[in-house]
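Enquirer: Read top to bottom, the protein sequences are chains A and B. Under my numbering, read the first sequence as residues 1 to 295, first letter to last. Under my numbering, read the second sequence as residues 296 to 924, first letter to last.
In short, the hints are calculated from the structure, not lab data. Heads up, the beta-carbon is just placed ideally off N, CA and C, and yes, glycines get one too. Check before you lean on any hint, since a few could be wrong.
Said to hold, decoys possible - Chain B is faced by these chain A residues, among others (derived, beta-carbon under 8 Å):
| # | residue |
| --- | --- |
| 1 | Ile100 |
| 2 | Ile117 |
| 3 | Leu118 |
| 4 | Leu231 |
| 5 | Ile277 |
| 6 | Leu280 |
If you want the building blocks of each chain, they are given just below.
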Amino acid sequence: MTLETLGFILTGGLVLGALYALMATGLAVVWTTLGIFNFAHGAFIAVGAYAAWQIGAGDAWGFGALAGAIAAVAILAALGAGLHQALVRPFERQPNIVLISVITTLAGAQILENLLILIWGPRPKQIEAFVGGEARLAGITLSWNEVVLLATIALTLLALGGFLRTNPIGRSMRAVAQNREAAQLLGLDVPRLYALSFALSAAMAGLAGVFIGATRFMSPTMGADPLLKALIVVIFGGVARFTSPIYAAFIVGMVEAFASFYAGLYWTPAILFALMIGVLVVAPEGLFGRKSRTV
Amino acid sequence: MRYDPPFHRSTGLWPAVTAFAALAVFPLVNDDNYLQHLMVLVMVYAIVAASWDLSLGWGGLFNFAHVALFATGLYAYGILAKTLGVSPWLAIPLGGVAAMAVAALMTAPVLRLDGIYVILVTLAVSQLLFQIVISQSDVTGGASGMVTLPSLKWDGYSFVRDGKIGYYYVALALLAAAMAFLQWLVRAPLGRAIRALRDNKHYAVSRGVPEARTRLLALLASAAPAGVAGAFYGSYIRVASPDIFGIGTLTLLLSILLLGGAGTLWGPVAAAFAVTLMSEAIAGLGPWREILIAVAIVAVMAFYPGGLWAAVQELREAAATALSQMRATRNRSTRAAARAALTGGAKETYIATPHGRIAVADGGGKGPALLFIHGNSACKEAFARQFEAFGARHRVVAFDLPGHGVSDNADPETSYNIPAYAEVAEAVIDALNLDTPVVFGWSLGGYVALELAAREKKPLAGLAIAGTSPLALAPDDVARGYDPDSHFIFAGRQYLTRAEGKIFADEACAPRENGAAYMHENFPRTDGRARAYMITKFPVVNWPRQMRMLREGRLPFAILNGHDDPFLNHAYIAGLTYGDIFRGAPYDIQGGQHAPFFNTPEAFNEAFAAFAADCLARPRKAEGAAAGG
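Put together the whole structure using the sequences plus the hints.
Expert: So this is what it looks like as structure tokens:
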């Protein structure tokens with residue numbers, strides 16, 4: 001293996017890892033706060049991509065890629081809060097909320113994906129790259145588009161981390177995640193914070209959708225694969241800390257990049273799932289896990 | 296072991312027989328080939344959903360790899376029957392074996408995890424299988440799948456011919472076999488162990504249920520029908536496509552399971568028909584169909600978390616309640632004379648209580664009052680022989696509990712429990728101005744009498760019970776106070792078959808021939824909810840207060856059990872401490888059954904008369920506590 005190939009694999013893993021980090025953190029925000037798994041997260045990604053395309057793309061409304069991306073994030077935040085109200089809130093007090101929420105969010109994903117088919121049809125689309133050209137640094141080549149992606153994701157995750165650590169609302173969200181009853185006794189508005197985590201999570205999915213739509217073809221079911229990858233990442237890293245899925249995302253991204261090179265494209269997902277089962281058996285709380293959970 | 300009727304003795308037999316008979320006749324009257332094709336698919340889905348119910352509903356294992364087990368059967372059939380040339384008839388059961396093998400491998404990760412992690416690991420297992428199928432295109436056909444799988448043939452006759460009628464009957468036979476197997480399993484000790492682990496894992500393990508083995512067997516038993524169904528599905532549609540692993544199949548089967556009602560076994564079978572046929576009816580709507588189904592799932596989860604099965608049960612309960620109330624209303628007028636004859640011409644009046652209209656028979660005699668409280672699913676006329684024996688010297692009073700006899704049905708939440716019945720007894724004492732009566736309670740009525748006395752709202756001259764084990768702790772003491780092998784379990788059952796009702800009336804009172812025909816006739820009038828709610832509301836009773844009262848001997852007390860009572864554990868009753876008990880210990884009526892006052896009235900009446908005389912000879916206590924009434 002030449003140095004160039006290694007660089008190629010590493011940058012591929014880096015970009016994948018960054019995308020996974022964005023999606024998995026979004027998934028983890030809901031998991032830690034509400035204790036449920038949102039299976040509509042993949043559909044959120046698809047909706048984000050289509051919204052960005054509709055608003056930004058030249059052959060649709062044509063407001064430009066940036067406007068499309070910002071609008072997509074805003075729309076998804078609203079959608080997330082709305083779906084929380086419709087799919088999760090009515091069942092919050094039920095003892096088997098974990099199973100019920102799996103079913104209702106799966107149903108939500110079904111609804112969103114079919115609405116996408118109804119509105120935009122099944123034909124694949126693609127968002128234009130934000131910027132063209134390539135950047136070279138120390139023998140490693142990255143397209144400027146990927147540089148934008150890496151920078152935006154890094155900024156987003158930093159901003160989210162800062163929000164959760166310093167902002168009073170962010171700290172309230174962490175408090176609710178750690179102990180719902182105690183937080184409620186202290187006067188925190190738990191349902192609103194739940195809706196907010198859903199909105200935040202959906203907004204991040206929307207951003208991920210914009211980037212995925214810009215690198216691959218879009219289809220209404222485009223979220224299924226990223227959802228499974230985000231699942232693997234969250235399992236792999238656990239949700240003990242805000243940063244654990246981020247580390248795990250880069251590890252999984254690198255594993256995927258190397259596995260695609262060595263084991264071939266077909267075997268890579270199988271390896272990842274086998275890895276996920278292994279981690280679940282050995283350390284169900286994730287590799288960076290502790291028993292307690294917090295955002 | 297607890298009594299549990301075999302299926303052919305249960306109330307589910309006739310609906311099931313009717314449904315299967317209708318399915319067997321269906322192809323003979325149907326000439327729509329497409330509908331017939333759909334019915335075969337429906338039966339396959341029904342098998343998969345019902346077997347999924349075993350692990351998800353009964354076992355509480357959030358197993359999301361069940362569709363993958365179905366797919367395993369499908370691919371096993373493809374590989375065995377097409378690639379290896381095994382006979383399709385052998386390949387179908389082997390599909391079940393293949394699914395069991397995968398389930399066995401899955402058990403290790405599932406056992407280590409709980410709740411959401413089980414969902415995740417089983418999803419990962421099914422994705423792993425999917426990826427293996429995709430990547431091994433030499434064996435499985437990869438993304439395009441396997442086509443032209445061999446179809447079923449018998450002696451040159453292809454099952455595809457004659458509108459696929461052969462496939463229809465094979466599917467029906469498989470469905471019947473799968474349901475028989477699952478029904479047998481959930482009633483077998485293994486089925487109980489599976490449920491015990493779901494309801495309270497730590498308690499079940501501490502009582503000797505092996506967790507690992509039970510979970511493994513639950514997964515294997517639920518995998519086998521799914522694998523067989525998958526293999527049969529392969530022989531029928533003759534294609535094995537990796538699409539089967541997709542979210543579409545999962546959502547369809549999950550919606551069948553949940554709309555039918557998890558943990559009900561038959562609910563998913565009924566739902567398989569409803570969901571598939573309805574979704575086929577709206578197939579023309581395209582994507583709207585998926586949206587409608589998804590909305591329906593959310594709506595059912597929100598408004599009917601128990602699924603269609605719960606709705607059916609509610610309908611059944613409403614019908615049974617209306618029927619029992621109708622019987623009460625009819626008996627009120629048509630059998631008044633017969634009742635009067637049984638109670639020696641006692642005046643029947645109706646009094647309004649917070650627990651509905653209550654029928655009271657008042658013998659109207661001049662002497663001291665005796666109040667009789669009847670037992671579960673009986674009526675005040677059970678004391679016919681006491682009205683006769685004591686009517687001359689006493690004022691004999693008996694009443695029908697709410698939901699019993701000719702009293703009205705009442706709100707089950709508030710009125711079908713022992714404290715509520717005690718309130719009814721207080722209302723009767725008030726309405727008839729009974730002055731410190733001697734109270735006798737039979738069986739359930741014994742608890743009512745104990746509660747009435749322990750509440751101390753009305754002064755009583757004495758208290759006697761029969762067929763009742765005083766409890767200090769419910770439900771634990773129920774297991775000690777009664778014979779768990781007996782038919783005592785019927786006392787808490789909402790629905791009893793005709794045969795079960797007869798057994799219960801025979802053992803609780805007397806066989807029909809022994810002058811108990813009217814008790815048997817009264818039995819179906821009882822509101823089934825009164826039995827079910829009374830038992831589930833056992834914990835609302837202040838049991839230690841009753842036991843304290845007996846221990847401290849706060850009032851004259853007698854236990855006049857039948858010596859041959861089939862329900863009681865006499866040793867338990869003899870072992871309790873009584874502060875003031877008639878003849879020094881629980882007094883057994885020789886030859887008496889659960890209703891000694893009915894079976895052996897002379898011996899009982901003699902003992903009860905002695906007790907009542909004993910009570911009435913004592914000086915009256917100051918009525919301080921009861922003054923307010």
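Enquirer: Take the hints in turn and mark each one as holding or not.
Expert: Consistency of the hints with the structure:
1. Ile100: With a minimum Cβ separation of about 6 Å from chain B (threshold 8 Å), the hint on Ile100/A holds.
2. Ile117: holds, 5 Å
3. Leu118: holds, 5 Å
4. Leu231: With a closest approach of 7 Å, the Leu231/A hint holds.
5. Ile277: Where the cut-off is 8 Å and the nearest Cβ of chain B is about 5 Å from Ile277/A, the hint holds.
6. Leu280: holds, 5 Å
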